[in-house]
Amino acid sequence: MGFFDALMKGLKGLFRKKQMSIGIYGPPNAGKTTLANRISRDWTGKPLGKASDIPHETRKAKERKEVIIKAAGSKINFNIIDTPGIATKIDFHNFVENHGMNKTDARNRAKQATEGVIEAIKWLDRVDGVLLVMDAAQDPFNQVNVTLLGNLEARKLPTVIIANKIDLEEASPATIRDAFPQHATIPISALSGYGMDNLYKAMIKYFG
Amino acid sequence: MKRVLKEGDRKGVSINLISTEKLDELGSEKIRFILDQVKEGRVLVLEKGLSPSEELDLIRITMSEIDHDSFIGVETPGFTGNVVKLGLLQRLLGRAPPPRMMVVGPAHLLKTIKKDGRTIQAMILTRDDREGYEDDVDDITGEGPEGSLGGPEEE
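For the record, the sequence lines run as chains A and B.
Under this note's numbering, the first sequence is numbered contiguously, ending at residue 380.
Under this note's numbering, the second sequence is numbered contiguously, ending at residue 277.
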């Protein structure tokens, strides 16, 4: 490391917040909670929330403080916030027809999910950076991804796109990278842990 | 609760093209206007789409107004040019291009089939497509008022 680099790093360290709040955002079922649990387990030994195949499992934001990530010769103290999935529509029939829930439970879940979306949007005012989780096996041009990215750019929030679920045969992280070339895209499998080292380096680089 | 018949149920779906001038005229009432129209069962084609913050407002307000019986949300296919492959000059200047055309419709009537940066394929669902949905509406009627659902539970 040259003198200039060392100086810049030192100056950056002086002005860095003691804890960076990083929001994990994305549409439902992109793997946000699986990722939050992976990060939390890797650095604190404890999971953050319950992950499930049923959409809108996370209906309230959950926060893990003091997640100290060490990578690329640096360490940063993060607050990791797992936010409810953002959606433009929530139909309780989906929980009944596709997930075998009874109607009362399905309606409760749908109602809580709408409140979760509102809470996730509110959290955008409180985070210092965002991990935007996309399902690499799905079309990245969905309105939630595009709307979120537009807002993150408008707010100038540091953002790393996570191309998750690359363990799936049909996953194509390159499609995400091509769709949003102005952002760093890190392919991972939050489920298996593949690619997490690269993600931690990216978090240090872009949020540090 | 009896479901009120909308234009889209029996007389086809109303598709309203909204000019840039009209949208600009609406100013801060834009989101309210769009949502009121969509809740009436209309599909709107906006000549100039919404900004990212307006889209987020639309999502937030939509979520607060979903009633799970007659309004389940919005479908908003559109060319949001703000984040997709900005030109070098735009990136250097930090200037996003203006929002492009957007369609907004009720989620039970409008479905986006395929979308990329250049093409959007959407479908207006027919009564047959929604048959199961309407059958269920009748069943739900006997389950008590919306207010009996209770608030969110801690997980």
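The reader is advised that the hints may include incorrect statements.
[Said to hold, decoys possible] No farther apart than 25 Å at their CA atoms in a straight line, the calculated lysine-lysine pairs in the BS3-like style are these: (1) A/K275 - B/K170; (2) B/K152 - A/K294; (3) B/K170 - A/K328; (4) A/K294 - A/K190; (5) A/K373 - A/K232; (6) A/K222 - A/K190; (7) A/K294 - A/K328; (8) B/K144 - B/K236; (9) A/K377 - A/K222; (10) B/K161 - A/K275; (11) A/K237 - A/K328; (12) A/K294 - A/K275.
[Claimed, not checked] Some chain B residues judged to face chain A by a derived CB distance under 7 Å, without partners named: (13) L145; (14) G149; (15) S150; (16) K152; (17) I181; (18) I183; (19) I188; (20) I194; (21) I235; (22) R240; (23) A244.
None of these hints come from the bench; they were simulated from the model.
Source: prediction; values computed, not measured.
Ideal Cβ positions, reconstructed from N, Cα and C, are used throughout, including at glycine.
Hint-by-hint comparison with the structure:
1. A/K275 - B/K170: 39 Å, violated
2. B/K152 - A/K294: 21 Å, holds
3. B/K170 - A/K328: 24 Å, holds
4. A/K294 - A/K190: 22 Å, holds
5. A/K373 - A/K232: 28 Å, violated
6. A/K222 - A/K190: 28 Å, violated
7. A/K294 - A/K328: With a Cα-Cα distance of about 16 Å, the restraint between A/K294 and A/K328 holds, given a limit of 25 Å.
8. B/K144 - B/K236: 28 Å, violated
9. A/K377 - A/K222: 29 Å, violated
10. B/K161 - A/K275: 23 Å, holds
11. A/K237 - A/K328: 23 Å, holds
12. A/K294 - A/K275: 29 Å, violated
13. L145: Violated, about 17 Å.
14. G149: Where the cut-off is 7 Å and the nearest Cβ of chain A is about 19 Å from B/G149, the hint is violated.
15. S150: Not OK, violated: B/S150 not within 7 Å of chain A, min 18 Å.
16. K152: Violated, because the Cβ-Cβ distance from B/K152 to chain A comes to roughly 16 Å (cut-off 7 Å).
17. I181: For B/I181, the interface hint holds, since the closest Cβ of chain A sits about 6 Å away, which is under 7 Å.
18. I183: 9 Å, violated
19. I188: With Cβ-Cβ at 5 Å, under 7 Å, it holds.
20. I194: 4 Å, holds
21. I235: Not OK, violated: B/I235 not within 7 Å of chain A, min 10 Å.
22. R240: Violated, because the Cβ-Cβ distance from B/R240 to chain A comes to roughly 10 Å (cut-off 7 Å).
23. A244: 11 Å, violated
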